Amino acid sequence: MKDDKDISAFRGEFYPPLPTKTTMFFRTNLLYQLYRFFMLNYKIMRIVIKGHS
Amino acid sequence: MKVVILGAGISGHTAISFLAKHLSRKHEIIVVSPSKYYQWIPSNIWVGVGRMKVDQVRFKLAKLYEKWGVQFKQAKAVSIHPEGNDKIRTGYVSVEYTSENKKGISENVEYDFLVNATGPKLDFAATPGLGPDMHTLSVCTFSHAAQTWEELQKCIKLMQEGRKQRILIGTGHPTATCQGAAFEYMLNIVFELKLRGLYHLAEITWISNEYEMGDFGMGGAFIRRGGYTISTREFSESILAENHVRWIKRAGIYKVEHGKAFYETLNGEYKTVDFDFAMLLPSFSGQDIKAFDSIGRDINAKLFSPTGCMRVDADYTERPFEEWTVKDWPETYQNPLYKNIYAIGIAFAPPHSISKPRKSPNGTSIYATPIRTGMPSGVIGKIVGQNISEIIKYGTSGHKHKANMGRMGASCILSAGYSMRKGLGATMTVCPIVPDWERFPEWGRDINMTVGEIGLAGHWIKLFLHYMFMYKAKGHPFWWLIPE
Ligand SMILES: Cc1cc2nc3c(=O)[nH]c(=O)nc-3n(C[C@H](O)[C@H](O)[C@H](O)COP(=O)(O)OP(=O)(O)OC[C@H]3O[C@@H](n4cnc5c(N)ncnc54)[C@H](O)[C@@H]3O)c2cc1C
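For the record, the sequence lines run as chains U and W. If you use our numbering, the first sequence corresponds to residues 1 to 53, in order. If you use our numbering, the second sequence corresponds to residues 1 to 484, in order.
Only chain W is shown next, with the shape it has when bound in the complex (with noise of 0.2 Å):
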């Protein structure tokens, strides 16, 4: 049997460890990702004020996949053909190579299992202005974070030389998610202004398309603080007024300008924002990766949800906010249509957000659009790999293991500041990621599960946890005991 795996992130690179850990090597197991190397995406916040480089958070592919017994092309996928064509009887992806030996090159790719673990396309193009090819910046990939601790040091050099500068940290989309990268971002940003005296210098603003401060993109959620049962909202409002951050919620941005971002809130006034320094995240998509049926048809609408998210079991019927249960979430990430067909991480469609949709007055809508977190992200790669490897083996035709982020839960800490003796990091847990209404009438989520603190711990917890997924993602001895 072959498999077929695009995309070797958090998602897909679980996935092939557990397909090559379970399949005896007369299978196929082949990899197609346009990057040589797999990255550990959440230090890049550390690559991005110069805490790590970019070697420490990344490591080529070629060798562990030999290793493995996985076939690696270094290409990325173009078109899905699940019903192949006159030529081809089997399913097949049409490849085009990235590296530079076989760069342009296009390949058929056949497949018995196709495993889409694409992730997020960075939508920068969605903003005009927005990115680092234009006037601001990112850390959401090495080489991104790399280039936004260049422009930092700049930054810090003229406030070393007394000038004032403004920093613009949040979504720069209206529609954007991952809100908690860029918080973290931000943090980080405080914690090494205070720890060269220039903090003083700095006009940090944070702006964000939450409806409330702490939403996160998972509707915010609720933890048990100092006698009282809070929300994420006052622990982020916080967290921002101790460190004498302002704040603009609400705001969708739609346009950035050479030192400018434009804005339209929920209630459909346009403002603007001046910067100096802006690190704004873009709006994720699903990858352009096109779907033909046996005789060339256009089948996008059929695999694909309208954001480019492959459709798996999720239930999609469009239902209002009111309705939506954690039923409607997947629990095998299985396409309904083509059954050897199964899309993972952040390439799923998820079947609505987890926070609330809102529209400005104007029609704009300006909410955070759903999370998928590399905790879920790895346990819905791992339960994947896990399945088709016993429907290989076995011939089985259900899934024994599922994962549904309504039962699942997830723990995100946001580093706030690398330092073994006085760095700092919020800690959070939730469970379950969607909340679950019919099960936890009062606050949608177990309380007792909840966590929501800052401290020094935090911040080992986060730089252990680094070290232990580079680990584990480099294939070293008993990988396989550390969970997702």
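Pulled out of the complex, with its shape left as it was, chain U reads as follows (with noise of 0.2 Å):
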């Protein structure tokens, strides 16, 4: 029996989540990512000004 056969669900690199090619596709969607922009800044915004009270 060949028991070094790589089958690649069994690696324990595959047990965390994979994106898929749509999330891989709106990772650098320029639309998406400019409004992506603008909500991280806001919830960023937030924590700042709670840092700062």
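Hints may contain errors.
[Claimed, not checked] Pairs of lysine to any residue, SDA-like flavour, derived with a Cα cap of 20 Å:
no., chain 1, residue 1, chain 2, residue 2
1, W, 339, W, 299
2, U, 50, W, 446
3, U, 21, W, 299
4, W, 393, W, 451
5, U, 43, W, 393
6, U, 21, W, 422
7, U, 43, W, 229
8, U, 21, W, 448
9, W, 194, U, 18
10, W, 194, U, 24
11, W, 422, U, 23
12, W, 422, U, 26
13, W, 422, U, 35
14, U, 50, W, 440
15, U, 50, W, 407
16, U, 43, W, 451
17, U, 21, W, 255
18, U, 50, W, 285
19, W, 422, W, 227
20, W, 255, W, 269
21, U, 50, W, 448
22, W, 255, W, 274
23, W, 164, W, 260
24, U, 43, W, 443
[Stated by the list, open to error] From the structure, some residues in chain U lie toward chain W, with a derived Cβ separation under 10 Å:
no., residue
25, 21
26, 28
27, 35
Keep in mind the hints are simulated off the structure, nothing from the lab. Treat the numbers as computed from the prediction; the structure is a model and nothing was measured. Glycine included, every Cβ here is placed at the ideal spot set by N, Cα and C.
Assembly of the complex is requested from the two constituent chains, each provided in isolation within its own frame, with the hints serving as guidance.
In structure tokens, the structure reads:
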């Protein structure tokens, strides 16, 4: 029996969730990322304001 | 009045800027720092992959301090004498000049208020064989990062010739911290190699003392993603898996030889990992500054914790992990013994770690010690600068401004590739930094304030922050409107 057969689903690194093609697409989609840029800045500013109080 | 600030890094420079803004010139502000430069450390990551030049992440301090009416001594603090001595009645600091024209000359600098903002000592010596003078590289300073980029280019060249390269990134000591910075550097290498079509020739391994991936010295965090509340462990492991990076966790590197790192695992096994290129972060400790009383007796244990960081208004009572609360964390950063001394940024001694301390069966502590990133370091510098100014100006004794890491949040944007169109950044925010299990019994933190996501927007934010914080540090018009 060949016991070193490399089945990807059995590899340790395949237990974590992996991004789908759609997720990958949106990561660099300009329009979506522009929206995220403002949303993330808003979230960061909330933290900054809280931290300075 | 005389205010002496030791260290002109992220925390010290912020304190200096607010002191200079609020105090009139009849008061003296004296800065003691061994480097003539201010450096924006977070962008050293980009120096380490050749995306930024050293001069983009640093600038000379002397001119700015002259404009602000601040005296700058390019020197390092050697000892603190809070009670003075038989000749000097006030507290003073013994400093040794590092500038070319005065190198080695000593001087006693008297103070009415002292702020210790000397940051971390990069303790490469704590791991034999570690560091840029030995067998591994670093991105902790701009010069380290520039050297690392030179070595990375050699590695890239070998890959271009078709040679496989083993790249090892992570923590180089069993109790190192700042995992986020190493993680960021690793992601940048991944990006650069993919861009050059060389990724198939790289075997990248992440090695860390974290109990679980995504601990980052803050005990990990929970984030909302895709309809689930997940831990930063899944978030980080997912990033590694996606990029086919192998990871070794719960590992304390205790020795490095040419091309080989030796580590002990939390379950007590001794193992090795081979590398062609390694960037491993050292252990951080306080600087080697001594303290003496008025008759010259050593009072180091009174002023500093065993790691060399300065004691402040924290509760240092030893308690089991389960009994730790956010109330143990300091909020004014005033030394309890000498009320005119403050310690800010990485120089203050935390009451305990944030991640759970763990030991291997051989008795080796292997865990991530507490992080103090740029944002809390800046905020702490600001409130201490404001408080000292108000004490001097109005003669108040209390502290109006407070900053507790158990209430304060932090945002950490990890660059994952430098490109305006194809770049990536992992944006992470947590609030508070130290989990508060009383206020947030379920997740330890405000889950609505906690973010973890990857995208081009993260890169834009990181780059925007670089320019914004350099602008602020250079004291350009309206710098004080920019938050820390
Ligand atoms: C590679 C890297 C990337 C990072 N990225 C991020 C990030 O993206 N976001 C983030 O929030 N944080 C980041 N951090 C952490 C951040 O840099 C630190 O939190 C911050 O620099 C701490 O500020 P500090 O003022 O305490 O120390 P420092 O900024 O290190 O400043 C210490 C100062 O003290 C001076 N000094 C040293 N010894 C003496 C002495 N004996 N006498 C007088 N002066 C002395 C030093 O020259 C220096 O000027 C990163 C850290 C590293 C290493």
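Consistency of the hints with the structure:
1. W:339 x W:299: Roughly 15 Å between the alpha carbons, so the hint for residue 339 of chain W and residue 299 of chain W holds.
2. U:50 x W:446: holds (12 Å)
3. U:21 x W:299: Given that 20 Å is the threshold and the Cα spacing comes to 61 Å, the pair is violated.
4. W:393 x W:451: violated (41 Å)
5. U:43 x W:393: Violated, because 36 Å separates the two Cα atoms, which is more than 20 Å.
6. U:21 x W:422: Holds, at roughly 15 Å.
7. U:43 x W:229: holds (18 Å)
8. U:21 x W:448: Outside the cut-off at roughly 27 Å; violated.
9. W:194 x U:18: At roughly 18 Å apart (the allowed maximum being 20 Å), residue 18 of chain U and residue 194 of chain W satisfy the hint.
10. W:194 x U:24: holds (15 Å)
11. W:422 x U:23: Judged against 20 Å, a Cα distance of about 14 Å means the pair holds.
12. W:422 x U:26: Status holds; Cα separation ~11 Å.
13. W:422 x U:35: Measuring from Cα to Cα gives roughly 16 Å; hence the hint holds.
14. U:50 x W:440: holds (16 Å)
15. U:50 x W:407: holds (8 Å)
16. U:43 x W:451: holds (8 Å)
17. U:21 x W:255: Cα-Cα ~42 Å, so violated.
18. U:50 x W:285: violated (29 Å)
19. W:422 x W:227: violated (27 Å)
20. W:255 x W:269: Measuring from Cα to Cα gives roughly 14 Å; hence the hint holds.
21. U:50 x W:448: Holds, because 13 Å separates the two Cα atoms, which is no more than 20 Å.
22. W:255 x W:274: holds (12 Å)
23. W:164 x W:260: holds (16 Å)
24. U:43 x W:443: This hinted pair holds, its Cα atoms lying about 18 Å apart.
25. 21: Violated, because the Cβ-Cβ distance from residue 21 of chain U to chain W comes to roughly 12 Å (cut-off 10 Å).
26. 28: Since the shortest Cβ distance to chain W is 5 Å, the answer is holds.
27. 35: For residue 35 of chain U, the interface hint holds, since the closest Cβ of chain W sits about 8 Å away, which is under 10 Å.
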